[in-house]
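Residue numbers (the numbering used here), protein chains in the order written: chain P, 6 to 116; chain Y, 72 to 183.
Read the hints as simulated data drawn from the structure, not as lab findings. Note that beta-carbon positions come from the ideal geometry of N, C-alpha and C, so glycine has one too. Hints are supplied without guarantee of correctness; some may be wrong.
[Claimed, not checked] With a straight-line cut-off of 30 Å between C-alpha atoms, the simulated DSS-like cross-links for lysine-lysine are:
id	chain 1	residue 1	chain 2	residue 2
1	Y	K101	P	K103
2	Y	K101	P	K8
3	P	K103	P	K8
4	Y	K84	P	K103
5	Y	K123	P	K103
[Claimed, not checked] So, partial list: chain P residues that the calculated Cβ filter (under 10 Å) puts toward chain Y:
id	residue
6	E20
7	Y41
8	Q47
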Amino acid sequence: DAKTTQPNSMESNEEEPVHLPCNHSTISGTDYIHWYRQLPSQGPEYVIHGLTSNVNNRMASLAIAEDRKSSTLILHRATLRDAAVYYCILSWGSNTGKLIFGQGTTLQVKP
Amino acid sequence: DAGVTQSPTHLIKTRGQHVTLRCSPISGHKSVSWYQQVLGQGPQFIFQYYEKEERGRGNFPDRFSARQFPNYSSELNVNALLLGDSALYLCASPGQSLAEAFFGQGTRLTVV
Numbered sequence: 006d007a008k009t010t011q012p013n014s015m016e017s018n019e020e021e022p023v024h025l026p027c028n029h030s031t032i033s034g035t036d037y038i039h040w041y042r043q044l045p046s047q048g049p050e051y052v053i054h055g056l057t058s059n060v061n062n063r064m065a066s067l068a069i070a071e072d073r074k075s076s077t078l079i080l081h082r083a084t085l086r087d088a089a090v091y092y093c094i095l096s097w098g099s100n101t102g103k104l105i106f107g108q109g110t111t112l113q114v115k116p
Numbered sequence: 072d073a074g075v076t077q078s079p080t081h082l083i084k085t086r087g088q089h090v091t092l093r094c095s096p097i098s099g100h101k102s103v104s105w106y107q108q109v110l111g112q113g114p115q116f117i118f119q120y121y122e123k124e125e126r127g128r129g130n131f132p133d134r135f136s137a138r139q140f141p142n143y144s145s146e147l148n149v150n151a152l153l154l155g156d157s158a159l160y161l162c163a164s165p166g167q168s169l170a171e172a173f174f175g176q177g178t179r180l181t182v183v
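Model the full assembly from the supplied sequences, consistent with the hints where possible.
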């Protein structure tokens, strides 16, 4: 299983953009990049996923490097409710039946 | 449309006992996956079931087993509980696109 590397923690101010980086240098051509987040005392929550092109949805944007060896999750305006652990995950194909989580990045949002 | 539901929400067991955790996936969805999350770590994949057949297994001992029923609900069984089995056990079901997994709130198991 391909591995991802993320910073242990990051801080942001409320209403400012947040860029959460992820390195996945061993990614293969069929691996999708997924981002999930986990709020305290809850199960993980899907944020966004992509293969090669940048992706946008109502929660966030995903910027994927041209060589696909890294990606960045962008929260456009952080709120206090965005404080969570963010996980960058690779999956074989788009099937999410087996997700290999790393340690994730703990995001703190300051008012 | 109900999401993924798990029961019970909390459970306390004694070392050596057996435990059964239950999960109902999103209505009509045929795949269920189980994860173990120890405090301070990310979830670790245990099993995936699809159409009542095991489709994947993580690096867990044989004390861990699971099954899926005709209505696609699932049970995770753990025998001979150890203190180290204390964790949040999560169940997940893919959405319509298969690229988005929905997680339940989990079952918090404490082994004393």
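Task: Numbers of the earlier hints that this structure fails to satisfy, in rising order - done: Going through the list in order, the structure violates hint 6 alone and respects the others.
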